[in-house]
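Student: Spelled out, the chains give:
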Amino acid sequence: KAGVTQTPRYLIKTRGQQVTLSCSPISGHRSVSWYQQTPGQGLQFLFEYFSETQRNKGNFPGRFSGRQFSNSRSEMNVSTLELGDSALYLCASSNSRVNTEAFFGQGTRLTVV
Amino acid sequence: AQSVTQLDSQVPVFEEAPVELRCNYSSSVSVYLFWYVQYPNQGLQLLLKYLSGSTLVKGINGFEAEFNKSQTSFHLRKPSVHISDTAEYFCAVSEGDSSYKLIFGSGTRLLVRP
Numbered sequence: 010k011a012g013v014t015q016t017p018r019y020l021i022k023t024r025g026q027q028v029t030l031s032c033s034p035i036s037g038h039r040s041v042s043w044y045q046q047t048p049g050q051g052l053q054f055l056f057e058y059f060s061e062t063q064r065n066k067g068n069f070p071g072r073f074s075g076r077q078f079s080n081s082r083s084e085m086n087v088s089t090l091e092l093g094d095s096a097l098y099l100c101a102s103s104n105s106r107v108n109t110e111a112f113f114g115q116g117t118r119l120t121v122v
Numbered sequence: 004a005q006s007v008t009q010l011d012s013q014v015p016v017f018e019e020a021p022v023e024l025r026c027n028y029s030s031s032v033s034v035y036l037f038w039y040v041q042y043p044n045q046g047l048q049l050l051l052k053y054l055s056g057s058t059l060v061k062g063i064n065g066f067e068a069e070f071n072k073s074q075t076s077f078h079l080r081k082p083s084v085h086i087s088d089t090a091e092y093f094c095a096v097s098e099g100d101s102s103y104k105l106i107f108g109s110g111t112r113l114l115v116r117p
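Sequence order for the protein chains is Y and X. Numbered according to this note's numbering, the first sequence spans residues 10 to 122. Numbered according to this note's numbering, the second sequence spans residues 4 to 117.
One or more hints might be untrue.
[As the list claims (entries may be wrong)] Here are some chain X residues the structure puts well away from chain Y; computed CB gaps all over 10 Å:
1. P15
2. E23
3. Y28
4. V32
5. G110
[Claimed, not checked] In silico BS3-like pairs for lysine-lysine, Cα to Cα no more than 30 Å straight-line:
6. X:K52 <-> Y:K22
7. X:K72 <-> Y:K66
8. Y:K22 <-> Y:K66
Read the hints as simulated data drawn from the structure, not as lab findings. Quick reminder that beta carbons are idealized off the backbone N, C-alpha and C, glycines included.
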């Protein structure tokens with residue numbers, strides 16, 4: 010069974026640009042969550058989707074958005090990139106309505122220059 | 004509001020020695036507790052979880068943790084570590100049935116020396 014797949018693995022963008030990251034959950038999983046990991050702030054929750062609906066949202070500015078498609082694949086978008094957006098972005102999927110076990114992808118390393 | 008505290012940012016230990024990584028949490032509701040491990044340039048891998056029932060939970064790679072409700076702790080232990088256990092370890096909590104959101108601690112780097 011394939012794990013959570015995140016693409017691309019590495020990305021370099023310029024300040025002011027926008028970026029879209031993709032996450033394919035484990036087959037059959039309907040919940041997808043996104044986290045940002047930085048050395049200064051650690052792991053922070055961005056948002057979570059279940060069956061194409063955003064159920065939870067973290068404390069991030071509106072430049073951070075996401076969506077989930079009918080096949081449970083999810084994308085997150087960051088507009089008007091800032092240097093501080095440089096981070097490892099992790100996606101996690103789960104097959105339950107409540108969080109009893111989340112499976113994480115390898116992440117997308119975003120560098121903003 | 005929930006929070007997770009991992010007091011030790013780094014724990015150095017010799018190979019084959021026992022180790023304990025500490026985790027304390029605060030929450031006003033019942034919680035689920037997790038320990039994850041992260042190797043360099045990798046995502047997070049679940050080591051073990053506490054949902055309910057027995058307070059001693061066993062996980063992968065010989066790790067175990069004990070849930071102590073009165074002390075709001077969920078410390079991770081391994082009786083004998085290997086070089087390959089060198090990694091970053093994260094404790095996390097979620098609010099049981101009402102939330103999918105994971106709150107993570109700041110992480111503890113376990114450094115196993117030969």
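Student: Which numbered hints are broken by the structure, listed smallest first?
Tutor: 5 and 6
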